[in-house]
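A.B. asks: Protein chains in written order, with full-length UniProt numbering: chain A, 1 to 293; chain B, 1 to 350.
One thing to keep in mind: the hints can contain errors.
Claimed, not checked - Here are a few chain A residues that face chain B, going by a calculated C-beta distance under 7 Å:
| hint | residue |
| --- | --- |
| 1 | Arg-133 |
| 2 | Asn-156 |
| 3 | Arg-233 |
Stated by the list, open to error - Derived BS3-like pairs (lysine-lysine); straight-line CA-CA distance at most 25 Å:
| hint | chain 1 | residue 1 | chain 2 | residue 2 |
| --- | --- | --- | --- | --- |
| 4 | A | Lys-239 | B | Lys-165 |
| 5 | B | Lys-335 | B | Lys-111 |
| 6 | B | Lys-346 | A | Lys-239 |
| 7 | A | Lys-239 | B | Lys-327 |
| 8 | B | Lys-255 | A | Lys-151 |
| 9 | B | Lys-325 | B | Lys-295 |
| 10 | B | Lys-255 | B | Lys-327 |
| 11 | B | Lys-335 | A | Lys-151 |
| 12 | A | Lys-61 | B | Lys-201 |
| 13 | B | Lys-83 | B | Lys-111 |
| 14 | B | Lys-111 | B | Lys-346 |
| 15 | B | Lys-335 | A | Lys-61 |
The set of hints was computed from the structure by calculation and includes no laboratory data. Beta carbons: idealized from backbone N, C-alpha and C, even for Gly.
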Amino acid sequence: MSRWAAESQNKRLGFVLLIAPAVMLLAVFLILPMMSVFRASFYPGTSALGASGFSLHQYYKFFADSFYVSVLLETIVYALITSLGCLLLGFPVGYSLARLPPTQRRVRMILIIVPLTLSLVVVVFGWLVLLGRQGLVNNILMGIGLIDTPKQLLFNRFAVIVVLIQQFLPFMILSVMNVALQIDPVLEQASTSLRAKRLRTFWKIVIPLAAPGIISGFTLVFVMTVSAFVTPRLIGGPKAHMIGGLVYEEVLITLNWPFGAAMSFILLAVGLGTLATVSILIVRPLARGLHVR
Amino acid sequence: MKRRDFLKTTAAAFALPLIAAPAVHAQQKRFSGVTLRINGYGGNYDKALIEGVAKPLEEKTGLKVEYFAAPVQGEVVKLISNKGNPHVDLLMVDNNLMPELIAADVLDPIKVSDVPNVSRILPGYREFNDFGAPFAVSSLVPVFNSDNIKPALTGYADIARSDLKGKVAIPGTTITASALVLLALAEANGGSVSNMEPAFKFLAEAKDNVVATPNSTVAQLQLFSQGEAQAGIFWDGRAYELRQSGVPIQTVVPKEGIYAVSSYVNLVKGGRNREAALAYIEQALSDQGQLALPKAFRFGATTNVALGELLPDILLNSPERVAMKRKVDWAALMKQRGELAERMNKVLRG
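Make a model of the complete structure from these sequences and hints.
C.D. replies: This is how it looks when you write it as structure tokens:
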């Protein structure tokens with residue numbers, strides 16, 4: 001064996017040894033449980049305990065019922081709107097943070113990260129107070145004379161989206177910021193010196209170079225929104241449902257694991273499919289700067 | 001006093017405690033070194049039980065009681081899956097979970113011969129023969145904000161009143177109370193536990209009134225407290241809590257009858273400290289134990305204890321009121337829980 005081949009083999013062995021603990025951990029605590037949940041989704045009855053057989057009944061039940069299909073579509077729409085909202089609000093913040101001196105950036109990053117350290121339930125209860133009839137938002141609206149009596153701001157779809165955007169915004173900001181830090185400001189200066197206007201520089205230089213951050217932020221926010229269940233349960237009224245809440249109900253309340261499992265995998269498949277489609281059709285072209293000539 | 005008399009008196013004074021001490025010691029320390037484990041409901045509920053049951057019991061017998069707050073459904077699953085080797089000495093559950101526990105054969109019966117205070121339980125309160133001892137009762141009744149809602153509600157069916165559009169909060173599908181609300185609505189509209197259809201028909205007509213279906217008692221409490229909801233169906237004790245904090249939420253004695261949930265303490269099969277567990281149940285059903293939760297939350301008592309000054313604030317406070325308590329077939333109701341939750345979600349979503 002040549003020296004080069006031996007070194008290459010050693011490197012490969014080292015790589016395998018380095019990733020082995022993580023792979024084992026994922027295999028035991030993620031892949032195996034997921035496989036068992038996937039198997040449960042094919043049980044015909046309402047219980048996974050002592051169940052046997054193979055049936056597509058749970059999947060049929062889901063797609064044959066317009067209620068579940070409409071909740072699935074609603075969930076995907078929430079996820080897309082939330083991801084887009086986070087992108088629109090988070091990109092300028094992430095980009096401007098990347099352009100700050102390290103000391104100032106650190107202080108501002110703490111402010112962004114602090115909400116993530118709070119329990120989600122506490123954050124949602126905070127929103128319940130803020131958006132309540134006697135809450136800050138209603139008081140401000142009444143104070144500036146926009147409304148005469150307090151309005152119902154909670155328990156609707158809009159409230160759910162607002163709270164979801166607030167919850168997941170930091171992930172978008174951090175994703176964008178990490179990538180924007182790698183963009184050399186000289187490139188923007190060069191673009192300007194070549195008489196490109198600011199908007200053109202933004203579309204043709206900044207956005208394409210920040211694409212990895214945009215894609216990872218969009219993916220993170222989408223995945224987290226699609227599986228959200230605390231927010232819609234507490235903020236959404238009886239009309240605002242998300243699949244996560246229904247899965248929770250089937251698994252922990254009614255103990256119908258097969259149907260809960262089927263719903264989880266439908267959500268996973270549709271979520272990944274939507275994400276891939278959005279990424280291929282919109283995010284990547286946008287990132288390549290193809291929309292501006 | 002002569003010297004001999006003095007010596008006799010002194011000797012007697014010293015000897016008496018020595019003779020009596022073992023007996024007194026035995027009485028005081030009957031369960032010395034024993035610790036009972038029991039699931040709790042958390043927060044002030046457990047604190048009230050510690051004051052009324054655990055502390056007095058420890059003073060009397062040396063028995064220590066350890067409450068741990070945990071979701072009840074999870075504790076039931078643990079007990080059933082560890083049959084014969086229970087992780088608790090006593091299990092507290094509401095009556096909705098009792099049929100499941102009895103069917104799984106994880107409970108021991110509690111006889112009057114073992115716990116004399118069981119004989120004090122009011123008629124109609126002990127729903128599962130010799131299994132479990134009900135120690136508190138909470139009613140799910142119509143409530144309304146008396147400042148904003150006029151006229152007052154009179155029954156469960158009033159939540160469909162046209163003046164209550166967007167003002168009603170009822171328990172969400174993830175909590176037991178929702179099944180009981182549906183039963184109340186079904187029975188108020190000619191249905192029964194085996195025919196819940198009238199409840200959904202009614203709910204479909206009332207759906208524009210329902211602004212929220214909170215999935216926890218605390219969330220519903222907050223809605224009434226903030227004025228997000230002005231009427232609904234809620235726990236009597238929690239409504240009392242709101243009144244105490246200045247929110248004018250009034251409870252109604254519904255014309256259809258009262259739907260209530262009883263909390264049971266159960267003797268688990270194969271428990272390591274059976275005698276101590278029985279002593280706990282005896283204390284929970286004593287006057288001192290029975291007044292703990294009424295004092296804290298104005299929940300109803302389950303024995304013939306005198307409620308004294310608490311009486312006006314408690315809903316089930318007289319034989320007439322107790323007679324209004326509707327009998328619930330919990331086994332039949334809980335069997336269809338999944339289906340009920342699914343239907344309720346669909347109907348309210350429209």
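A.B. asks: Tell me the numbers of any earlier hints that the structure contravenes, in ascending order.
C.D. replies: When the structure is compared with the hints, numbers 2, 5, 7, 8, 11 and 14 turn out to be violated.
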